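Here's the letter readout for the chains.
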Amino acid sequence: MSTLGSEDKNIAEAIVETLREKIKEEAMRIIVKEAAFKIGKYLRLMGKDFEVYKGTGVVVNEKLDGDEVKVYVVFRPPEWVEIRAKLIGSDELPPGAIRECDVLETLMMLSNDFAELSFCMDKDMNIYAKQNILVGALTFDLFKEEYDAVYVSALIFRRELLPKLKKCVRDYEEIRRTYSDMIT
Amino acid sequence: MMSSVTGLFSFFLDKVINYLKLMGKDFEVGPGGIVVKDKVDDMDVEIQIIPTEKWVRIQAKLDRLDDIPEDKRMEFLKELLKANSDYPEISFAIDDEGVIVSIEDEYVFAFYFDVFEEEYSAVLASIDIYRKIKDKILGIPAKVGKKKKEKEKS
Chain S
3 MSTLGSEDKN
13 IAEAIVETLR
23 EKIKEEAMRI
33 IVKEAAFKIG
43 KYLRLMGKDF
53 EVYKGTGVVV
63 NEKLDGDEVK
73 VYVVFRPPEW
83 VEIRAKLIGS
93 DELPPGAIRE
103 CDVLETLMML
113 SNDFAELSFC
123 MDKDMNIYAK
133 QNILVGALTF
143 DLFKEEYDAV
153 YVSALIFRRE
163 LLPKLKKCVR
173 DYEEIRRTYS
183 DMIT
Chain V
5 MMSSVTGLFS
15 FFLDKVINYL
25 KLMGKDFEVG
35 PGGIVVKDKV
45 DDMDVEIQII
55 PTEKWVRIQA
65 KLDRLDDIPE
75 DKRMEFLKEL
85 LKANSDYPEI
95 SFAIDDEGVI
105 VSIEDEYVFA
115 FYFDVFEEEY
125 SAVLASIDIY
135 RKIKDKILGI
145 PAKVGKKKKE
155 KEKS
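Going down the list, the sequences are from chains S and V.
Counting with my numbering, you get residues 3 to 186 for the letters of the first sequence.
Counting with my numbering, you get residues 5 to 158 for the letters of the second sequence.
Some clues are possibly wrong.
Here are the simulated DSS-like pairs of lysine-lysine, each with C-alpha atoms no more than 25 Å apart in a straight line [stated by the list, open to error]: (1) V:K86 x S:K72; (2) S:K125 x V:K82; (3) S:K125 x S:K72; (4) V:K65 x V:K140; (5) V:K140 x S:K125; (6) S:K40 x V:K58; (7) V:K82 x S:K166; (8) V:K136 x V:K82; (9) S:K50 x S:K146; (10) S:K125 x V:K76; (11) V:K86 x V:K136; (12) S:K169 x V:K82; (13) S:K88 x V:K86; (14) S:K40 x S:K50.
FYI, nobody ran anything at the bench for these hints, they're computed from the structure.
Predicted, not measured: the structure shown is a model, and the values here were computed from it.
Make a model of the complete structure from these sequences and hints.
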């Protein structure tokens, strides 16, 4: 029986590694496909209209007090589904106002007080509501609860927090203007 | 605030106890829930588990917000909210006593071992993330800060 030389061994290991990667990719494709199928089914059961972005996820246009909020359901490989809605852009909340109006503290206190609420911020300081589901735990009850949590976060933010923030931002800008006029 | 219902409370308390035993954790059961004694990077931490009507909350208390220097506070909170965005299942919040907490709320309909284990691990992971943020913003290496606190206590 002939034995493999070191070069042959290296080739064999490379082939095994490539196969392993291919199997992993294929497994991931099957998992994502299964999860995507479930998400589509769940959204239809919930009576939601949605648009599909192939390879990324879906977006639902939710009506909220005459306004529109986009709720994104996307995959975060390797094992997460993320439901996310943008609540306010950084262009509407200047950094000074965020500090003066205790925006960050308020969001973090709400996250503690209500299990349904979870707020976060991206690097550009846009504020979102967000929930994650482990792909292995994706069931209708859980999906509906997490989806509704994002919707309720957006609702509470719009109805309760945003008017107060806007007033605070207005007051803050007015004080800033008044005093900068006095200084110049 | 979240409320508890006695029957469901004991049902989920029993489940949590079984799960923690499976995970080989050291814990104490009290009237308000369970306290688990665990370790993150060789440092002792306490994880609280509080079953309520619809949720089982897993949380770790971190620092008092007042203890974060005022001139760094906003930057610090911003980093915590960014971590909420960047990491799945990481959720920093502030409790009604003004303490920064890391929380995971597990919906009772999805309360089974795999999800519990994953969410418990997320709270442990969040403590490490918190320490790194603290180190970055406040310049306090986590281990040095901990040793200093212990020295002050003794």
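Q. Are the Cα atoms of K40 (chain S) and K58 (chain V) separated by 25 Å or less?
A. holds, 24 Å
Requested in this report: Compare the distance between the alpha carbons of K65 (chain V) and K140 (chain V) with 25 Å, and conclude whether the hinted pair is satisfied.
Outcome: The given pair, whose Cα atoms are some 20 Å apart, holds under the 25 Å limit.
| message | So if I understand the rule, the pair passes when the alpha-carbon distance is 25 Å or less; does K136 (chain V) with K82 (chain V) pass? | response | holds, 14 Å
Hey, K86 (chain V) versus K136 (chain V), does the alpha-carbon distance stay inside 25 Å? holds, 13 Å
**Prompt:** Holds or violated: are the alpha carbons of K140 (chain V) and K125 (chain S) at most 25 Å from each other?
**Reply:** holds, 16 Å
Below or equal to 25 Å on CA atoms is what counts here, so check K125 (chain S) against K76 (chain V). holds, 17 Å
Going straight from one Cα to the other, do K125 (chain S) and K72 (chain S) come out at no more than 25 Å?
Answer holds: K125 (chain S) to K72 (chain S) is near 20 Å, not above 25 Å.
Straight-line Cα separation of K169 (chain S) and K82 (chain V) no greater than 25 Å? holds, 22 Å
- Is the hinted pair K50 (chain S) and K146 (chain S) satisfied, with a Cα-Cα distance of at most 25 Å? Measuring from Cα to Cα gives roughly 11 Å; hence the hint holds.
K82 (chain V) and K166 (chain S) were given as a pair; does the straight-line alpha-carbon distance stay at or below 25 Å? holds, 20 Å
Practice problem: Please work out if K88 (chain S) and K86 (chain V) have their alpha carbons no farther apart than 25 Å. | Solution: Holds, at roughly 14 Å.
Given the hint that K40 (chain S) pairs with K50 (chain S), does the C-alpha gap stay at or below 25 Å? Measuring from Cα to Cα gives roughly 14 Å; hence the hint holds.
Going down the numbered hints, you'll see the structure goes against none, and every one checks out.
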